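Enquirer: Residue strings, one per chain:
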Amino acid sequence: MSKTREIAVTVNGSVHRAAVEPRLLLADFLRHRVGLTGTHVGCEHGVCGACTVLIDGDSARSCLMFAVQADGRSVETVESLGRIGQMNALQDSFHAHHALQCGFCTPGMLMTATDLLRKYPLATDEEIRVGLSGNLCRCTGYEHIVKAIRAVVASRGEDHE
Amino acid sequence: MKPPAFDYILAENLDMAAAALAQAGAEAKIIAGGQSLVPMLNFRLLRPSLLIDINRIAGLAFIEEAGQAIRIGALTRHFQLETSPLVARHLPVLSRAMTHVAHLAIRNRGTIGGSLSHADPAAELPMLALLLDAELGVASASRTRTIVARDFFIGAMTVALAADEIVTEIRLPKLPQHTGWGFEEIARRHGDFALAAAAATVTVSDGTIREARIALTGVGPTAVRASAAEALLVGEALGTSLTSRVIGAVRSSVEPETDLHASSDYRRHLAGVLAGRAVCAAWRRTNAGAA
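Those sequence lines, one after another, are chains A and B.
In terms of numbering that gives the first Met the number 0, the first sequence has 113 at position 114, counting the first letter as 1, and numbering is strictly consecutive.
In terms of numbering that gives the first Met the number 0, the second sequence has 197 at position 198, counting the first letter as 1, and numbering is strictly consecutive.
Derived from the structure by calculation, the hints contain no laboratory data.
Just so it is clear, the structure is predicted and the values come from calculations on it, not from any experiment.
All the pointers check out, no bait thrown in.
Here chain B is said to cover these stretches of chain A; the calculated rule only asks that three of the stretch's residues, wherever they fall, bring their Cβ under 8 Å from a Cβ of chain B:
{"no.": "1", "segment": "108 to 115"}
{"no.": "2", "segment": "127 to 133"}
With a Cα cut of at most 25 Å, we get these calculated BS3-like pairs of lysine-lysine:
{"no.": "3", "chain 1": "B", "residue 1": "K1", "chain 2": "A", "residue 2": "K2"}
{"no.": "4", "chain 1": "B", "residue 1": "K1", "chain 2": "B", "residue 2": "K28"}
{"no.": "5", "chain 1": "A", "residue 1": "K118", "chain 2": "A", "residue 2": "K146"}
{"no.": "6", "chain 1": "A", "residue 1": "K2", "chain 2": "B", "residue 2": "K28"}
C-beta: ideal position from N, C-alpha, C; glycine also.
Turn these sequences into a full structure, and let the hints guide you.
Expert: If you want it as structure tokens, here you go:
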């Protein structure tokens with residue numbers, strides 16, 4: 000076993016200190032050490048998108064990053080978005096549009112959509128689909144996920160008017 | 000799967016990274032964005048004893064104008080390239096290509112230096128480096144040197160870096176005046192590696208092509224320039240019969256592999272179609288055909 004490192008990672012606003020092996024994936028740190036199991040681990044090689052979190056505000060695969068690399072960084076997981084009975088607009092829209100069935104991909108979809116909404120106009124459904132192309136869903140056929148995100152884009156437009 | 004155990008150094012500057020690499024040699028790997036390296040570790044295709052993390056080295060991520068070239072720091076993330084106004088203005092073919100590089104979460108982390116050093120046979124950036132006649136600045140603990148893109152890509156995931164060298168920057172000449180460009184890719188899913196892709200530039204004066212560049216990826220162990228097809232274009236105006244001959248020359252210049260995604264014949268077919276479309280788009284963008 001290689002030497003452990005002391006790290007301090009801000010997760011959803013709280014600082015978590017731990018001694019970690021360099022090979023510990025950020026996804027496993029979040030799930031097993033911090034105890035936040037909302038971040039799902041599907042493929043462990045950056046293909047399925049289920050483990051997507053925000054690092055200093057930018058979406059990233061937590062299976063393609065080591066916990067030691069998050070030392071001093073701010074990580075946001077799906078648990079930061081809202082709580083039962085107090086969901087954010089994106090989560091409410093997923094609920095309203097039935098944008099999930101089994102729910103395994105949902106945390107990654109939500110975190111990816113959060114970043115997409117910040118960075119791209121998402122003017123067309125095609126643009127939303129391209130934005131979601133790195134997140135696999137095996138239940139919904141994506142249709143309702145696209146609708147849910149479309150509704151958030153539309154309501155955002157109304158806010159600006 | 001989980002990666003095998005390794006030791007880890009967080010490099011504070013390039014000297015520290017180069018010194019650690021000089022000491023550990025082929026036992027060590029540089030980690031930048033990690034978007035190709037970490038999957039290989041998770042699959043245990045690689046078992047380095049040491050990872051040298053260059054993510055926090057200040058001054059390795061930049062995009063700046065330097066006379067007739069654009070200098071790009073090796074640690075520049077794909078998303079920065081995709082959205083850079085400087086790149087959009089002087090190297091629009093690169094801006095377009097970046098939208099095909101993986102997905103946002105990967106573009107937020109992946110770096111140009113990492114992608115070029117990894118040299119996946121179906122990646123976009125090696126093709127763009129060849130197309131745009133890139134120069135790569137590399138450094139080791141004892142020296143720095145420049146490698147031109149044509150000498151850099153040796154084989155599948157094999158480049159001309161010595162075991163102690165790190166790519167530090169990429170220099171790309173701006174597209175000359177009166178130059179049009181085209182980029183075409185076919186992938187199973189947007190953001191996946193290309194089944195085949197092509198990019199082209201043509202520089203025109205007096206209605207005649209003075210310089211043509213065509214690069215391909217996904218159709219061999221490395222990205223390649225289609226030199227024979229380029230030569231057909233020089234001194235000519237683009238028309239249907241010339242386009243057909245260019246497509247033929249592109250197809251006879253490649254020997255793609257068959258894998259579970261596509262057959263060799265299909266990839267060769269695509270290379271021709273995509274190169275033809277890219278050259279036509281480049282020609283249209285010069286407005287030479289408008290008269």
